[in-house]
Amino acid sequence: MAKPRDSSGFTMMEMMLILTIVSIILSISVPHLPVYRQHDLADEIENISYVFQGAQMNALAKQESYTVFMEYNNQSITVRDKTRTVISHYELHACRLEDFGMKQFSYRPSGDTSAFGTVYLSCGEKNVKFIFQILKGRFRIEQ
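For any residue, its number in the working numbering is found by taking its place in the sequence shown, counting from 1, and adding 241.
A hint or two may mislead.
Okay, derived cross-link-like pairs now, DSS-like style, lysine-lysine, Cα gap no bigger than 25 Å in a straight line [stated by the list, open to error]:
id : residue 1 : residue 2
1  : 344       : 370
2  : 344       : 323
3  : 344       : 303
4  : 370       : 303
5  : 367       : 344
6  : 377       : 323
7  : 377       : 344
8  : 323       : 303
Each pair of labels, with its calculated beta carbon distance range [said to hold, decoys possible]:
id : residue 1 : residue 2 : range
9  : 265       : 342       : 51 to 57 Å
10 : 383       : 317       : 30 to 36 Å
11 : 288       : 267       : 33 to 39 Å
12 : 304       : 365       : 35 to 41 Å
13 : 283       : 339       : 16 to 22 Å
14 : 382       : 269       : 40 to 46 Å
15 : 298       : 261       : 53 to 59 Å
16 : 357       : 315       : 23 to 29 Å
Just so you know, the hints here were simulated from the structure itself, not pulled from any lab data.
This structure is a prediction, so every number in the text was calculated from the model and none was measured.
Built from N, CA and C at the ideal position, the CB exists for glycine as well.
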């Protein structure tokens with residue numbers, strides 16, 4: 242004797258209809274995600290700031306001098322220790338170093354800078370300045 246089938250499941254058409262309705266609801270309700278820009282201006286300025294702060298932190302932690310070079314020919318910032326070994330290197334993407342600013346400066350073991358001056362960047366239509374003070378290795382960013 243054949244056993245009667247239990248028809249408590251969904252058919253293929255019902256499943257396809259439910260999936261279609263759910264996908265339409267999700268596509269309407271989920272906000273559009275912002276477009277990720279790989280080399281955004283704000284990220285570039287923040288990364289440059291981290292390079293400077295990292296050089297100062299290394300000078301304080303290791304009690305050594307670190308020199309920061311603005312390399313205009315290849316648009317990068319390089320940090321070297323007293324043996325001229327590269328500690329960090331950052332290539333600019335969204336901004337461009339202007340060659341009328343500071344070319345180099347050093348962080349002393351105390352964290353102070355050896356010079357005061359300005360690093361000029363042109364970032365599209367925006368000009369950005371990193372202005373360094375000679376004491377305590379502080380800098381400020383003007384946009």
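Structure-based check of all given hints:
{"no.": "1", "hint": "344 <-> 370", "in the structure": "14 Å, holds"}
{"no.": "2", "hint": "344 <-> 323", "in the structure": "17 Å, holds"}
{"no.": "3", "hint": "344 <-> 303", "in the structure": "24 Å, holds"}
{"no.": "4", "hint": "370 <-> 303", "in the structure": "28 Å, violated"}
{"no.": "5", "hint": "367 <-> 344", "in the structure": "21 Å, holds"}
{"no.": "6", "hint": "377 <-> 323", "in the structure": "20 Å, holds"}
{"no.": "7", "hint": "377 <-> 344", "in the structure": "20 Å, holds"}
{"no.": "8", "hint": "323 <-> 303", "in the structure": "12 Å, holds"}
{"no.": "9", "hint": "265 <-> 342: 51 to 57 Å", "in the structure": "55 Å, holds"}
{"no.": "10", "hint": "383 <-> 317: 30 to 36 Å", "in the structure": "22 Å, violated"}
{"no.": "11", "hint": "288 <-> 267: 33 to 39 Å", "in the structure": "35 Å, holds"}
{"no.": "12", "hint": "304 <-> 365: 35 to 41 Å", "in the structure": "40 Å, holds"}
{"no.": "13", "hint": "283 <-> 339: 16 to 22 Å", "in the structure": "19 Å, holds"}
{"no.": "14", "hint": "382 <-> 269: 40 to 46 Å", "in the structure": "41 Å, holds"}
{"no.": "15", "hint": "298 <-> 261: 53 to 59 Å", "in the structure": "55 Å, holds"}
{"no.": "16", "hint": "357 <-> 315: 23 to 29 Å", "in the structure": "25 Å, holds"}
Going down the numbered hints, you'll see the structure goes against 4 and 10, while the others check out.
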